[in-house]
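Peer 1: So you can see what is in the structure, the chains are spelled out below.
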Amino acid sequence: MIEVEALKKSFFVHKKEPGLVGSLRSLFVRKRTEKVAVRDVSFRVDEGEIVGIVGANGAGKTTLVKMLAGIIHPSAGSAKVLGYVPWERDDELRRQIALIMGQKAQLWWDLPAADCFLLLKEIYKIPDAQYKKTLDYLVDVLRVGDELNVQIRRLSLGERMKMELIATLLHSPRVVFLDEPTIGLDLTAQRAIREFILQYRAEHRPAMLVTSHYMEDIRRLCPRILIMREGEVVYDGSLQRVIDKYADSKLLRAHVRPHAKPVVMPPTLAALGDVVECSEESVCLRVPRDAVATASARLLDHFDVVDFAIEEVGIETIIERIFLAKGDVA
Amino acid sequence: MRYLRLYAYFLRFSFSRAMEFRLDFFFRIGMDALWYVVHLVFFTVLFRHTNVLGSWNFDQMLVFAATLFLVDSLQMTILSNNRWMFPILVNRGDLDYYLVRPVSPLFFVSLREFAANSFLNLLMAFGILVWALMRYPEPIGWGRIVVYAPLVACGVTLFYVFSMLAVIPVFWLHSRDGLRQVFWSLNRFGQRPDGIYKGWIRRILVTMIPMALTASYPVRVLFDQNPLHIALHVVAVTVVSFAVLLMVWRRGLRAYSSASS
Amino acid sequence: MSTFAHIVSVEARTRLSYRGAFWFNAAFGFMSDFGVVFFVWTAMFAESGHAEIGGRTLSATINYYLLVALLGRMVRGDRFEGQISADIYEGGLNRYLVFPYSYFRFKYAQRLGQMAPEFLKSVVFGVLAISFVSFESAAFTVGSVIMGLGAVFVANLVFFLIMTIVHQVAFWADNVWSLDVAVWFVASLLGGWMLPLSVFSEPVRAWLEVLPFRFLYDFPVRVLMGEIGAVEWARGIVVVAVWCIALALVSRWVWRRGQRRYTGVGI
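Chains as they are written, first to last, in this note's numbering: chain A, 4 to 333; chain B, 29 to 289; chain C, 194 to 460.
If you're looking for bench data, these hints aren't it; they were derived computationally from the structure. Heads up, a few of these hints could be off.
Said to hold, decoys possible - Just some of the chain B residues that point at chain A, by a computed CB distance under 10 Å:
no. : residue
1   : Arg-30
2   : Pro-130
3   : Arg-140
4   : Arg-282
5   : Ser-285
Quick reminder that beta carbons are idealized off the backbone N, C-alpha and C, glycines included.
Whole structure, please, built from the sequences with the hints as guidance.
Peer 2: Written out as structure tokens, the structure is:
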């Protein structure tokens, strides 16, 4: 449903100089630098598939999504969404796609959600019966029946985001772009929205592209991820494989009795593994998987340990390592 | 048809919202009413010292002032809030949402924000116009009024086109209000009878930057020898200007979609 | 350097670093303001056949408006920047309230800083204007210019005080920009910006004498043109000083009441 072929986007940034002279000069001569936001990206997404796009700030995730939603033109390459070229903005295509941006509200602040939805019904020419059915379903699942007639600006952030989701899905889009759908929400609201997205996918089977900084979103929603780094897709494949490959170490966390000297002095901590944290009361080490047993034993020997735990490295850490790494990922 | 229904929603929203901010509601009505008073005083004081200005006498000048008010109140109700919002939409990137929807984005950005609180001013301006026409000492003739009415619509359209042309550069400039101040400066020319302008400035004001056509020319239709000639002129300029707007808009959108990230 | 002078200088430097568009807008605004009145009054004199209107010849009237256009923004300031109402809505007031410095003194210092680019513009456009339009009807002297600048300074203060009161309405209302514009309409008509006050009828002029608005444009421009002598100037300054004190007292009263309404959250 989404096919992307060697898509590229670069734009120019003007450098403005401060001061009166600078501003006069910039009237005539301006320095521009090319910035490549997305380079040579190719992938495809099928019906019912949720694909997560992961990357640091400025990796090109949002730019990519915007191109596929038809908001911006690419500098090179091609893309098809439902068989249409998105940036030609064919009405027929626009009726079947939806975009939600967690950082930008699409609903009008001073209207109750119910009014906004009516307007969207008109915009998307949704037949009465279908509109009622979809709205009832969405309102029911997201449990916002009581808030429908409250002005958007009086809603809490979580409720507002749920309304945004309803607004996005009201016309039963076949392709959905979710850009940071849970940003700024508390854990309960994040979970509710994730569960809803999964349920919606099971019942409607749209193709979805999700970007998020919350790894929990990605872990729960997306069996498949694209990892972007400086505009390039450096990994396209299952999330699990990345975890297996990069989670080659574990965390050893020990609480030690304060002010008690080590029973036996070195081997120093650094010799056991990477020191993640070290204070008077606790020690945390990252240790390769095959060295976990020996390192634990040493730690218990040398310190007056009160409490001890072996933990998996968080998915955030794994992704962070991939961002920082050079070259191909897998 | 669908666009009309959409517009009906916009109207409904804005009225329900206007009721929320009551104090502002009255301030705004008061502001525009005061603007009418100030202009009426202005012309009255000028006519203390002359019998004719721009080849119009005082009675004709009142009709001109009333037309000016009507055009202004129409643009205040229909357009002003949109013009104000537009640079914000572009700079904040909220235009994105309009672009993914199956509705003309130009329609949305131009007409979304109806100013219900200026609606009373519309009635007020219309009242002043009726009064000015009624008190006019000679009969004007229905034929001329029938031509005059659509020309007022053209006047509002021209106002719209040029105010949009002034804010569309935001696509390139990314400034807070584009060339809006330039537009307001130009608009001052339209607030005085076109008869006072001479030479090349006059020629510019009736063609390229047709500020004289927003209120003066429709009024000319009521009093001049050759009303049809003037009417055709206004319609032609309106059509051409609108075409230019569409062209510039398309370019602006392209700039938006290739420059933003 | 005192805090006050420091704020003035920071604001002035920020303002002077504006982009080219700022100069373009300013030049364009100045030319069209002046262009429209030029045509209106040329037509007025031509069509009425009078040699003098409101005691001024065409050239004197043109000179009057030219000076009004030049002084315009020095008196009025930038309507869109650093408004008190914006501070109230957006909660920016919080920041100022915790400063160990008077809010209004701070705002006034900012406003004086804003005058720097306006002054620069007036000088640049003034020099350009002199090379195109003759100021034969204005009797500039060193004295009139000094007294005139003093009058402009006071006019700016009067405008600041009026707008200070207007913008504090934001404590009660959701939006005051329309009130701001409305007050400007009144001030522009009664202050000599739209018309020289001498063209009004006698009874109206008697009323205008007792209002503070005439000190905004009519008074400073006439002082500059040499129409007002030193004695009358001094008398005017005393009257306007009384007005300033009155306006400041009103402002302080509104401020006290508004503070009680202020929730601090903004929006």
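Peer 1: Kindly indicate which numbered hints from before are broken by the structure, ordering the numbers from low to high.
Peer 2: none
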